[in-house]
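Trainee: Sequence:
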Amino acid sequence: KKSLNSYAGANRSDVVIPSGVEVIGSKAFNGVGLKSVILPEGLKRINIMAFQNNALTEITIPASVTLLSNAFGNNKNLSSVTFMGNVPVLERSGTFANTGLGRSNTIKVLIGTLAQYKNISSQTWFGSDNESLLDAFYE
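Residue numbers (our numbering): 55 to 193.
Warning: the hint list may mix true and false statements.
Each computed DSS-like pair below joins lysine-lysine, with the alpha-carbon atoms no more than 25 Å apart [to be verified]:
(1) 56 x 98
(2) 130 x 81
(3) 172 x 162
(4) 89 x 162
(5) 130 x 162
(6) 89 x 56
(7) 98 x 55
(8) 89 x 130
(9) 81 x 55
(10) 98 x 81
(11) 56 x 81
(12) 162 x 98
(13) 172 x 98
(14) 130 x 172
Derived by calculation from the structure, the hints in this document are not laboratory data.
All chains, full assembly: derive it from the sequences and hints.
Mentor: See below:
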């Protein structure tokens, strides 16, 4: 299993995760100033705080991701997330806490999976019990 556990690259704004990486480790990109990241198909796990405290505006979660921890919190400009597959296991609450999601109706999911995604509590997604945030999901 190939893991990416920390990032020391010179480009701290736009990053493409190489194919073959299966796990992004805890805090691997925490607070490095990312504005965009491209995740490869084949990625399986995104661990706790992997992309927290950045400036991401959008993210696409590959269909291969089966576990997603609270990895994207505090990306205040994050306004678009696309899930390319079924619901991954959400290991902790607040996966997208303190982001622009929920206000902007921009969480896109695969046709036929909407009920799976909406069945998960807003606490798990956003670290909040505001059920109206779940209106952000659409196919």
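Trainee: Give a verdict on every hint.
Mentor: Status of the hints after comparison with the structure:
For the proposed pair residue 56 and residue 98, the alpha carbon gap of about 10 Å is at most 25 Å, so the pair holds. Restraint check for residue 130 and residue 81: satisfied, since their Cα atoms lie roughly 17 Å apart, inside the 25 Å limit. Under the criterion of a C-alpha separation no larger than 25 Å, the hint pairing residue 172 with residue 162 is consistent with the structure, at around 12 Å. Taken as a hint, the residue 89 and residue 162 pair is honoured in the structure, with Cα atoms around 20 Å apart against an allowance of 25 Å.
Distance restraint check for residue 130 and residue 162: the Cα-Cα separation of roughly 18 Å lies within the 25 Å cut-off, and the hinted pair is therefore satisfied. With a C-alpha separation of about 24 Å, the suggested pair residue 89 and residue 56 falls inside the 25 Å cut-off, and the hint holds. Simply put, residue 98 and residue 55 have alpha-carbon atoms about 10 Å apart, close enough for the 25 Å limit, and the pair holds. With a CA separation close to 11 Å, the supplied pair residue 89 and residue 130 stays within the 25 Å bound.
For a cut-off of 25 Å, the pair hint linking residue 81 to residue 55 stands: about 18 Å separates their Cα positions. For a cut-off of 25 Å, the pair hint linking residue 98 to residue 81 stands: about 16 Å separates their Cα positions. A C-alpha spacing of about 16 Å is found between residue 56 and residue 81, which places the hinted pair at or below 25 Å, so the restraint holds. With a C-alpha separation of about 19 Å, the suggested pairing of residue 162 with residue 98 holds against the 25 Å cut-off.
At roughly 22 Å between alpha-carbon atoms, residue 172 and residue 98 fall within 25 Å of each other, so this suggested pair holds. Between residue 130 and residue 172 the CA atoms are separated by roughly 22 Å; this keeps the pair inside 25 Å, and the hint holds.
This entry satisfies every hint, going by the numbered hints stated previously.
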